[in-house]
Every structure is written in C-alpha cells, then in structure tokens.
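Just so we're aligned, residue 1 is where the sequence shown starts under the numbering used here, counting upward by one.
Read the hints as simulated data drawn from the structure, not as lab findings. Incorrect hints may appear among the rest.
[Claimed, not checked] Here are the simulated lysine to aspartate or glutamate pairs, DMTMM-like style, with alpha carbons at most 20 Å apart:
1) Lys-2 x Glu-65
2) Lys-2 x Asp-70
3) Lys-2 x Glu-44
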Amino acid sequence: MKQQLSTATQLGQVLLSARRAAGLSQSDLAARLAVSQSRISHMELNPGTISAGQLLALVSVLGLELVVQDRGAADAAAPAVEW
1 MKQQLSTATQ LGQVLLSARR AAGLSQSDLA ARLAVSQSRI SHMELNPGTI
51 SAGQLLALVS VLGLELVVQD RGAADAAAPA VEW
C-alpha cells in the first residue's frame, strides 16, 4: 500500500486500515506498544495527538514505512499539509 497523506485525519484512517489488515484488534496493538486500548482508539480517532515516537512505533509494529521526501519528488499537485 502506498498512501500520500495531507491531513491528520487521513493518518488515522491509514493506521486503522493497517491495523485491521494485520488482523490486530486495538487491544492486540496496545499490548505490542505497551499502551492502553483506549490510547490506540484515541490515536486512531485523533491522530493529531500522536507523538513522533508513537508514530514511528506504530509504523514499525504495523509493518509500514514512513517516507519523508521533497514535495518536488512527489505529486506537485498534492495539497499542503494541514496542522
């Protein structure tokens, strides 16, 4: 899966989809990350609250890869990042 993100909401959707594709419940993922199930739920619903460290841990556990590149290397028509 390759997904270009431009909003935090999209990140939450990607994390939810990746968790489900991996066959993990929120509780399973929480146990692997040593956080509560409610924290996983909160991160999926409010991805703007995820710290950089938490994002990298999520990406690792879910078998994803985080790539940061110059916008010129991606689709030039992509919308700006919203904070």
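Each hint tested on the structure:
The suggested pairing of Lys-2 with Glu-65 holds, with an alpha-carbon distance near 9 Å, which does not exceed 20 Å. Under the criterion of a C-alpha separation no larger than 20 Å, the hint pairing Lys-2 with Asp-70 is consistent with the structure, at around 16 Å. Proposed proximity of Lys-2 and Glu-44 is supported: the alpha carbons are some 19 Å apart, at most 20 Å.
Every hint, counting from the list given before, is met by this structure.
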